[in-house]
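Can you build the whole structure from these sequences, using the hints too?
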Amino acid sequence: MFRIHVFLTALVCLGITGVGQALGQQENVFQSDIRSLFAQRCIGCHGPDRAEGGLRLDLQSSSFAELESGERAIVPHDADQSELMRRIQSDDETIQMPPEGARLTTEEIHRLRKWITAGGKFSNHWAFGPVKNPPMPVVANSAWVSNSIDQFVLAKLERKKVRPSAEAHRSILIKRLYYDLLGLPPTPDEVESFVADQSADAYEKLVDQLLRSQHFGERWGRHWLDKARYADSDGYEKDRPRPNAWRYRDWVINAVNQDQPFDQFSIYQLAGDLFTDATRSQKLATAFHRQTLTNTEGGTDREQFRVEATFDRTETSASIWLGLTLTCARCHTHKYDQISHREYYQLYAFFNDSNESNATVDVKATANQEFLRKSDLHRKEIEEVNLKITHQKKKLQGDIQRWTAEMIVQAAKESRIRFHPADCVDVKSSSGVDFDQKKDGSYLAKGRVADKDKLTLVLKSPSSPLTGIRIEVLTDSTLPGNGPGRAPNGNFVLSEMRAYLGSDPNFKKDVIPLRFSSAEADWSQDKFPPSGALSKQNRTGWAISPQMGQPHHLDLFTATAVECSNDQYLQVVLDQQYGGEHTIGRFRILTMTGIDPLRTLPDQVSSSIRQDPSTRSVQQNEVIADYFLSQHSTTASLMKRRNHLRDNAPTVAEMSVRVMNPTQRTTKILHRGDFLQPEKEVQPGVLNVLANANTLGIPNQDHRPSRMDLAKWLFSPQHPLTARVTVNQIWSHLFGRGIVATVNDFGVRGDFPSHPQLLDWLAWEFSRNMSWSRKKLIKCIVMSATYRQSSVHRADVVKIDPTNRWFWRQNRWRVSAEIVRDLHLAASGLMSKKIGGPSVFPPLPTGVEKLSYANNFKWKTSPGEDRYRRGMYTFFKRTSPHPNLVSFDCPDSNTSVLRRETSNTPLQALVTLNNDVYLEASQAMVKRIYRWNLASDRDRLKMAMRICLTRQPDNGEVGRFLKLLADARSYYQQNEADAEKMTARHPVDDLSSTENAAWIATLRMVMNLDEFIVRD
Amino acid sequence: MNTEGSANGCQRLFETGPFIENRREFLNSTASGIGMAALGSLLTEDGLYSAVRENDDKLPGLDSPMTPQPSHFDGPAKSCIFIFMAGAPSHIDLFDPKPVLRKRHGQPLPESMLKDVRFAFIKKGNALLQGSPYRFARHGESGLELSELLPYLGGQADDLLLVRSLHTDQFNHHPGQLMMQCGRGSFGLPSMGSWLTYGLGSVSRDLPGYVVLTSGRGSSGGATLWQSGFLPSSYSGVLFRNRGEAVLNLRNPPGLPAELQRKGLDALGDANRQRYREIRDPEIAARIASFELAYRMQSAAPELIDLAGESKSTRESYGLDRKEPKNLGGRGKQGDTYQSFARNCLLARRMVERGVRFVNIVYASWDHHSNIPTELPYNAGCVDQPIAALIADLKQRGLLDSTMVVWGSEFGRTPLGENRNGKKEVGTGRDHHPFSFSMLMAGGGIKGGSTYGATDDIGWHSTENRVHVNDLHATMLHQFGLNHLHLTHRFQGRDFRLTDVGGKVIQDWIT
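First to last, the protein sequences are chains S and P. Position one of the first sequence corresponds to residue 3 (the working numbering), numbered consecutively onward. Position one of the second sequence corresponds to residue -15 (the working numbering), numbered consecutively onward.
No wet-lab data here; the hints were simulated from the structure. Glycine is no exception: its CB is placed at the ideal position from the N, C-alpha and C atoms. Possibly wrong hints are sitting among the right ones.
Simulated restraints on C-beta separations [as the list claims (entries may be wrong)]:
| # | chain 1 | residue 1 | chain 2 | residue 2 | range |
| --- | --- | --- | --- | --- | --- |
| 1 | P | Pro54 | S | Gln98 | 27 to 33 Å |
| 2 | P | Asn355 | S | Gln549 | 47 to 53 Å |
| 3 | S | Pro680 | P | Lys488 | 26 to 32 Å |
The list that follows gives simulated cross-link-like pairs (lysine-lysine, DSBU-like), each with its CA atoms no further than 35 Å apart [as the list claims (entries may be wrong)]:
| # | chain 1 | residue 1 | chain 2 | residue 2 |
| --- | --- | --- | --- | --- |
| 4 | S | Lys965 | P | Lys247 |
| 5 | S | Lys642 | S | Lys396 |
| 6 | S | Lys682 | P | Lys107 |
| 7 | P | Lys296 | P | Lys99 |
| 8 | S | Lys860 | P | Lys307 |
| 9 | S | Lys366 | S | Lys430 |
| 10 | S | Lys836 | S | Lys366 |
| 11 | S | Lys682 | P | Lys379 |
| 12 | S | Lys781 | S | Lys366 |
| 13 | S | Lys382 | S | Lys944 |
| 14 | P | Lys99 | S | Lys670 |
| 15 | P | Lys488 | S | Lys682 |
| 16 | S | Lys366 | S | Lys376 |
| 17 | S | Lys670 | P | Lys108 |
| 18 | S | Lys448 | P | Lys310 |
| 19 | S | Lys448 | P | Lys107 |
| 20 | S | Lys162 | S | Lys862 |
| 21 | P | Lys107 | S | Lys860 |
| 22 | P | Lys247 | S | Lys983 |
| 23 | P | Lys307 | S | Lys852 |
| 24 | S | Lys852 | P | Lys107 |
| 25 | S | Lys801 | S | Lys835 |
| 26 | P | Lys107 | S | Lys670 |
| 27 | S | Lys860 | S | Lys983 |
| 28 | S | Lys852 | P | Lys310 |
| 29 | P | Lys247 | P | Lys310 |
| 30 | S | Lys862 | P | Lys99 |
| 31 | P | Lys488 | S | Lys670 |
| 32 | S | Lys860 | P | Lys87 |
| 33 | P | Lys296 | P | Lys87 |
| 34 | P | Lys379 | S | Lys944 |
| 35 | S | Lys454 | S | Lys430 |
| 36 | P | Lys488 | P | Lys99 |
| 37 | S | Lys852 | P | Lys379 |
| 38 | S | Lys440 | S | Lys366 |
| 39 | S | Lys781 | S | Lys801 |
| 40 | S | Lys682 | P | Lys310 |
Next up, the structure:
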């Protein structure tokens, strides 16, 4: 332990001298060394919480002032007169500081002495001061500089007397760009043509091309989804699925692809619901706040978990945009970053002023555009048809008039139809469902819902002469979707309607069945026509989807009029044998007398004909003319086409998603973060340490600050953190570490930036000249010579800067969990390139789903191409995430993650060696290699290695795997059964299974090369 | 008494440390200095010489995350078997006899006691006290008192520490389970086993340092109970299955024999080594080592779960071939739960023998909101014999002194009967109870044959020697020679520890 400590100290010294020139030397020393020492050893007693002896070592004024003891803790430029120095060196236990724990080390004491001697000046924490547009440093080797980034990096390297590394080989550069920007490998052809491209802008062309790729949104969207803690399930015990969560994921992918400016991108997510007339997209963006966990286990207190989710929103937002950890301040004042318990709840109040709600959105980001395009097309088609119809009408004008006149004559001849309420004396349900009779004579089912049913009604003294029976199906609020049916969507199927006449109310004798000749309804479902109710088959019948929630009626006409007497009974049987609860919920039976000769005409047509010609409206004439045309042999198809167009107007597919809505709530400070212990009320407000330089803009004092105000405050030009934190995150995805190495901590205990001026320059450019365009920023970074350096570890610098804080080379790191999968699938040609849509279920090893609570989860493996989608589309169940992802450090989505760990474990080796999808990739890889018709084993192996390594392998490498191929070949020649097993999937046509298996055994090891899954 | 480590020397240097990115780079960067000795020992300890051949001109700074680390001070415990009884067993019926409660069976609780109490399901206006129908008896020389449902454990009484005064901050299952595993009811934190392996590494060469075994139905917490949180996933628990393929992806693909796997790894290793010589990134060497360890695990793990070598008497003592009782309940019965749990206990011993640092046996579920008369005997019958056998077996093999066995859950159950229907009658279940619960410990320097702490007359509140979950963790770490205040990891600007902001070592538990 002791030796490690000495070593640490040595590095600390390096750290001090390594600081840039943006800040005065004094400020640097204070910020990088002194403040953190105070924070760790002193502030607990001499800080905002306690200030023992009147001393606060977080404030210069207090440290320099005369204290209760009469001494001054720090006397500038005079360490010997400073009480602090005396106390930390004293052997007297009654006065020595710190009173507990280890004494300060000699080095720490020396550090303090040096600082006080130099003036002992305090400065504000660098990250809380305004972003400055730094002057360009002067460099000697200006030939190396590609853009301003390099100037800052090189200036530091020259001070350190370290050469930058040479530019990486072209084959590495293209791999690096593909991995970083798309998370996919370039094809051998793409590599070859880039390597061969001699034009000066070859590299830039490639960058632009990749930034335009739709896969860019997937790669960089996934970085954002880590921060947003996106998942497809609730979290906590029951961990229910969130089947629509993916819609937010697609929103992110689309926004990144469209290069939505980062300020807008952020404001939509933070406060999209607060825009006046918020668009669907703005509302959908607030699903960001709905990625919090939901606990639906039995006996939870809803308020507890609402508060918990609000904590999460507050802390996640602070972490993403401010780079600050607020969690400690939830319970008590934050010792180091000067964030008080009260301020935490002021910030919390912004998020507390919201409700969880649902919104209807388009199923795809592009759905609305598509809708407009299709609508336009549709409108044109209809216009065209209408024109033809108008023309035909003119032509057939005479025929139409003649036909109408004839119909009028017909109608006058016969009496009109009348309907009569029935006197119902008995209703029986074969499945025992009860019915209430309503005032209007209708019957309403109640209680248990039967799967199938048969209702038998007995009516007394039917009207005479009986020409038909009408059944009205009616709505009711007690029915699902208001009915009229009892199926979950309000539909029903009347599979058959029968009727009998008799004199015995029990219908035991003298029963006369009624014969029906035709049936009509005001509306019927496709494939469930009125005539269905006359057929005996149970699977046919009359139904009404999608017009549920409205009343409808069905008329059955008797073949001839039936004379009935007053002492007779009519039995009506309503058979509903379709199943699935497709039974009628509310209905009324009417009997019919009289015959209508216009009966065969649609209602609208017959009523138009009956209208006196002198008062007939234009529309009624149109109805008649249209009907005539629809029956006329020369125009029927034209009319049919118009109807078809009308019925198939384009629609926007919609879905419901979880979002936020504004509301107002009283926010109180919660003692120790306990929702049962509210204390003083607070108003929404921002952190004081940041508000000094950048106040929250509100129109007037009466205005209650909202999430929108907070979001805009984050993006005001004076904000010291948002731009710095964001450029640092983006930088870290392109270099493997940030300019501030603690990507998630810009607070006092976080790391000092390795290149403070570069950080400020990037922040300044990003928020101003680049208008928050992420693509511009990324392009700027990847165009730099700094980015293009080789990642080879150089012996000459490893000892001076082992962790590459100065960026004298690029870094190498293993790609993230999803990309490991993507690379294997893409290289083998198995990968589906489909972007977006519902999350998918690639094969899961048996037994994994059992881990979910009480085995409540079933993983239904996706068929077809969904089996081979990119890793980011795998359904993410929080309590039981896919093990292939977890093994490679995929975050668990329960908390926001700004930087993934990159571990290197044997379990990862087992995944890529033995897991089924990886085996399948090697099987498909063999198939892919054989498509090239290459001449020799050596050529085939070279091709496989070019695919995986994106470079030409050397002879030694190829030779080594040729040897493995020979070994595998000799094994499978003697073990054909094993060869059959190896080649069970994706076998190569015309290749023996032994040969095929030998290749699989070889290429799977090529695909396990370190280089393949490492971004060089 | 052991001395505690120095204030700032014991924090492990890892990924997010301010000046050194990780231990691996640290060693590499100082290969000419202090790192060299450590480097040599790492290589021999991990047996990694084979991974990087001597003809390489310079050895990289190889360091597995599981490389054994020195403790802060000497501690007797080397391994831990944590038997996690998810769902919360009734302390009233198993560990904490309450004659007064039995006398007041069927009476309401005074309103004053109920005022600020909330329940998951109990309708408190009409809830009635429910005494335990089970008899308690004293066992062993120490006279440790246990319910008749735990006869086998009674036989090990003199090795057991019974703690009756635990309490927790969490009231629902998942947060409560996180609290017990991670020291706080939040997500994203490392679990106990992660902290222990992070602090101490593991001496097991061919097996993971932190292993999880499950039986019964899935627990509320699922895989979050063995997460490594903000620590690298190397410190996550590795789920072992007790039959078939012990670890996911352990078996070679169908049709690929071990000899070809070996030859393939040789080719892979050669190619990776060549790359290492060009790039000089120590991560490449680490990857070679990972593949070699994976290969060793492929033979070690199946050997581990193959119980053929265990004697008949061992099998019988653990109850490996027991039949499930037919007349009892069993929530979400799996059909082979009794056998599966017994296997897990035996496997835990075999793992400890092979140097595994932390074994977490998760058994679910004890969430008895109803039907205690059939459910509780089923569960108790399932776990009693194998756990007792495990303790006896460890002792007989001389492993108990260095192996800490813990029987614990997320909280206890109410002395009130559950009346979900709101009726004023005694039910058959009990609700969640965070104010008091009990647990058992044995071995690893824990004082056997003793009972610690007490609850009030009806088992409602821990009253005497109250123990917070953080105190339990502090004491467990202490037995491993770790000061819980100094086993920390800096994340997002804060030094986190297993014991959150609390924890005190309970000296009375320690021999």
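Quiz item: Does the structure break any of the earlier hints, and which numbers would those be?
Solution: Violated: hints 7, 9, 11, 13, 18, 20, 25, 29, 30, 32, 33, 34, 38, 40.
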